[in-house]
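Enquirer: Make the full structure from the sequences, and use the hints.
Single-letter residue listing:
There are 2 protein chains.
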Amino acid sequence: MTTADLDQRCIDTLRTLAIDAIQRANSGHPGLPLGAAPMAYVLWQQHLRHDPSDPSWFNRDRFVLSAGHGSMLLYALLHLTGYELPMDEIQRFRQWGSKTPGHPEWGLTPGVEATTGPLGQGAANAVGMALAERHLAQRFNRPGHEIVDHYTYALISDGDVMEGVAAEAASLAGHLGLGKLICLYDDNDVTLDGPASLAFSEDVGQRYQAYGWHVHRVEAGDTDPAAIDAAIAAAKAERDRPSLILVRTTIGYGSPAKAGTAAAHGSPLGEAEVAATKSALGWEAEAQFLVPDQVAAHMGAARTRGAEARQAWQAAVDAYAQAHPDLAAAFRACLAGDLPAGWDAELPSWEVGAQVATRSAASKVQQVIAAKVPWLFGGDADLGCSTKTLIAGGGDFDRTGAGRNLHFGVREHAMGAICNGMHYHGGVRPYASTFFVFSDYMRPAVRLAALNHQPVIYVWTHDSIGVGEDGPTHQPVEHLMSLRAMPHLDVVRPADAVEAADAWRYAMARSEGPTALVLSRQNLPVLDRAEAGPGDLGRGAYVLADVPAGADIDAILIATGSEVSLAVAARALLGADGIAARVVSMPCWEQFARQSAEYRDSVLPPAVTARVAVEAGVSLGWATWVGLGGRALGLDRFGASAPGEVLMREFGFTPERVAGAVRELLGR
Amino acid sequence: MTTADLDQRCIDTLRTLAIDAIQRANSGHPGLPLGAAPMAYVLWQQHLRHDPSDPSWFNRDRFVLSAGHGSMLLYALLHLTGYELPMDEIQRFRQWGSKTPGHPEWGLTPGVEATTGPLGQGAANAVGMALAERHLAQRFNRPGHEIVDHYTYALISDGDVMEGVAAEAASLAGHLGLGKLICLYDDNDVTLDGPASLAFSEDVGQRYQAYGWHVHRVEAGDTDPAAIDAAIAAAKAERDRPSLILVRTTIGYGSPAKAGTAAAHGSPLGEAEVAATKSALGWEAEAQFLVPDQVAAHMGAARTRGAEARQAWQAAVDAYAQAHPDLAAAFRACLAGDLPAGWDAELPSWEVGAQVATRSAASKVQQVIAAKVPWLFGGDADLGCSTKTLIAGGGDFDRTGAGRNLHFGVREHAMGAICNGMHYHGGVRPYASTFFVFSDYMRPAVRLAALNHQPVIYVWTHDSIGVGEDGPTHQPVEHLMSLRAMPHLDVVRPADAVEAADAWRYAMARSEGPTALVLSRQNLPVLDRAEAGPGDLGRGAYVLADVPAGADIDAILIATGSEVSLAVAARALLGADGIAARVVSMPCWEQFARQSAEYRDSVLPPAVTARVAVEAGVSLGWATWVGLGGRALGLDRFGASAPGEVLMREFGFTPERVAGAVRELLGR
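Quick mapping for you: the protein sequence lines, in order, are chains H and G. Per our numbering, residue 1 is the first one in the first sequence, and the count goes up by one each step. Per our numbering, residue 1 is the first one in the second sequence, and the count goes up by one each step.
Fair warning: there could be bad hints in the mix.
Claimed, not checked - Restraint-style ranges between C-beta atoms, simulated for each label pair:
#: 1; chain 1: H; residue 1: D203; chain 2: G; residue 2: E346; range: 45 to 51 Å
#: 2; chain 1: G; residue 1: E284; chain 2: H; residue 2: G395; range: 44 to 50 Å
#: 3; chain 1: G; residue 1: T3; chain 2: H; residue 2: D203; range: 39 to 45 Å
What the hints assert, rightly or not - One side of the interface only, derived from the structure: several residues of chain G facing chain H at Cβ under 10 Å:
#: 4; residue: F93
#: 5; residue: L198
#: 6; residue: L406
#: 7; residue: H479
Claimed, not checked - One side only, chain H facing chain G, incomplete, derived with CB under 10 Å:
#: 8; residue: R207
#: 9; residue: D398
#: 10; residue: G629
#: 11; residue: E650
Everything labelled a hint here was simulated from the structure, so no lab data went into it. Just so you know, these numbers come straight off a predicted model, no measurement behind them. The beta-carbon is built from N, C-alpha and C at its ideal position, and this holds for glycine as well.
Expert: Written as structure tokens, this is what we have:
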């Protein structure tokens, strides 16, 4: 068998495994695997440096299938190159408990670098990976010691290219000159509803050139592996600009009845058409899940090549450790990501009664942490001066600089997806900052971080109508509750500077998922917590100010963030009338819900049903804690433009109203 | 005074009104008004066809200040050209109850065409306006009768240009060849955090050319009104492509200390710098809110010009009505938007027990409504074949066609913002469709529709883990609750085909805000509602199946969507054990909450505390209806990839588990 014949056989193995698995599942997307198999094969066989026996090898090239609906192509690649993904998993594609879900899921399947499917996300994840690579290379590489040195590849589709998040990320990648990022664009002119020309006629290559990318074209992507190989080689040689390779393909290539049409996109071909496709490809029409021995040997050689590459790298790291022992230790610490001893020993403290915005307090805390945890690496969407998340003296991360402050531009969505990519890559702990109201722009990326249990930290400031004059477009109202609804995301809204410090501590220590720090623009008083002490934020909610010793609890006031001090003031008003009220600060619902029933009942004794919650956001959800018999004082409308303190008063966030609600409940 | 001097005086009046108002408010963004005043003046004085005495004149040119933080520029324009925005409103900029909020709000201030501030939205709104204009022109204009014929202008900033939503919209505008859309780009190279070059170095002109736009440049945007005028004229002459005019400006132009820097962007200049700026502009340094008489007369002439233009158009419409009486009647109906008599008289019906996905039922209903309501105009984000929202025989809306099916491409965010723009424009009732999980991509635009009370209809299908094999990236879990948290948005999740028909009926009749129709992928049984009858969806929740006549209610089962039939099955299991359970279908929480306490208590009698809610989404929020003593059976995790019925079973959505929860509550 000639080399070309063997290559073709490998490509067709990818194709037929995909259509067989999709047919067996009776569900899936055959169009992309059939069309993109040649580019995927050439990339994986000729270029991708990876070790299937060690999917987490740090210096591997990354490959992101942004067009996640083509998952079977990726699973076939993983299977054939020797990852722990045996044939029975291929045959259980899209079934309960399998490692081959409908769209690739990071953490579930060895070798899957990113959870993709929602279009555009993977393309932006890849930018984050390339960015993390460059950051770490700048920080650690030394002449003769290129210990961080890999490419990041992404396979993107028409849908990815249409999504705004991918556009934002591409613009930033061009700006930063991420030369080791290489995207292969499966340019097949067909989308789910029909020809892409229904909605899409721009010149994609020209657009990416405008972003500052190096653009290549392959005209016969279905049949010309050599041209693909040459284009990838050229892209690798271009180190100053990211590369886009437009690979012209035919969706559903090989299917006599469906190739080149939307019919091949998102539904199984059907048994007869599967057979016809195999025949058209010169394949054994009756064979199912066939992997010819020569193909298995040829593609399985990736394990040997990969292990050699990994061992060579390990030797290089050993040499590096000899030459630069301190840097090597720092490098290991980055990769491990364990918080160093004493990382939170020097957090600032505040005087009771001082007026401090939680964004300002959090900023001071962040500076201290950043000094101790050099792999904390993130930035903001052109609001760092307002969110106060710029690391002092950290420098700007740009085309040349090794700085720590990432300027994402006014690109919130890409910021979220890039942070996910940075975390996928490893070696950095990402954070992202903007105004809380613009968390909506990032939401699809936040959801993926949550789904993946990725501990990205979001610093969202300007957290309520307290924003003031900027008005309702800039005032979050529904955001707290809508984000509390997201599994695995912890939403932390500190009441004051002390809780703000604890909030950062909490976020840094958390590894189970993303954490949102929701911070005030306006000053808030540092509360007197003689009865509680700092640290209770770690349990999600705690008694901040209790009834007099020995007194029965007449009522419980529950609040978060800026409304906690309001509850404290209401408690004083009530106390003057002989009503004994407890104030519970509840900065993190999710963490409180995880506590034992005993602890929860100690904070919110079931017998006390006179409960009033107060939060400058929608009241939906507060029945969770106050029940049908309690009251939730919220803001079930959008805000308005006026000074923040005027808004708080006009919308009823006053101690008098809170106290009045308690009196109503008690009938006193 | 020469013409040039008068023009300059007008421009500087805009500038100084803006900085004075911002200074008085001690809050706002002076940079844009100072830099963009020349282009705004030239556009409004020389080109914009509008009637300040009738802001709702249908055939006016539209102007969107996408860079909404520059609101004072817009307010100054409105004031000076004679809109109902007197000087005392300018002087109450950003104050409680004023008509001059921090960012422009549609519906609040006469002449404000769009609520802007969240960047990128206005740019996409403008695409929607231009698109609606073309649709109506195609439908109604006849030779010699160009009754729909206006331009849409937008003023956009660096931040707009960086946002993905604007990129998506621009790509679609280029694809559709919206030649009467003209964007002026305030190209000032400065953003909030510093020089735009921190994060932005692409060639914007080249990018828009790649989208298919006509690109012009004005090099001296601060000082060369004639060049601006010529560029706008050239853009108007180009009818086949949208136009982008890159106007090079200096942010904070005129401010000796702050021009050209981020310091001018988002904070008042300070009193001394305001005075210095006035001096530098050759203005009276001590004057406050000065409008020279000649300026007032010159710019105020817009009222006369506008009234003449409007009257001429009215005459043209009268002539049209003579020549084409039927079309004229249809045109009037479009503009009024009142539902015609009998519009919902012929909605389909279904047999009890038939298996119908609510997306399929809704599709049939939509076809009937579309035939009766020709101004229903919308589309999908490349999923119309799955969401089933394509109007049969409606044709494609494209570069040449007058079709009704809008193919937004894989651009959910732009779809949302464009629909808002279409509604702002008027004459169409927009709808937008995609998978429910991708509502996240649209969320910032949905929020603005809600804030504006815009009755956009969202058709979101594939509403739960019932999606099946596509897996957790495609399975909404938190979306129902996160959208219920949004004020003014009504979320409707019908239980079966009958409710699906009512859901469309409800959405069409609603004018107070957007409505989301949340529909199943999978088949659901048409329920027997002998005891309730169709139509109760209009009250948000109703008793679908009650306890036997005369029996006490032991328990209440509350459910939405696909879980209602599950509750019905659980009720039967309980009934066999002698437990009398009522089933409440609650398709729309928001509408149920609006009902009288009497009605609500009749559906959910307060005395019955054994309540179990079941919904295939997060349980957060259900305490609203079941209280602390009830149970909410939800899915407080992400889904998985497997056939939908397997997932429902594995995640516990079975009649047995629902019945078991009731038994537990009752201790029976």
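Enquirer: Now tell me if each hint is right for this structure.
Expert: Verification of the hints:
no., hint, verdict
1, H:D203 <-> G:E346: 45 to 51 Å, "47 Å, holds"
2, G:E284 <-> H:G395: 44 to 50 Å, "45 Å, holds"
3, G:T3 <-> H:D203: 39 to 45 Å, "42 Å, holds"
4, F93, "9 Å, holds"
5, L198, "4 Å, holds"
6, L406, "9 Å, holds"
7, H479, "8 Å, holds"
8, R207, "4 Å, holds"
9, D398, "7 Å, holds"
10, G629, "8 Å, holds"
11, E650, "6 Å, holds"
Every hint from the earlier list agrees with this structure, and none is contradicted.
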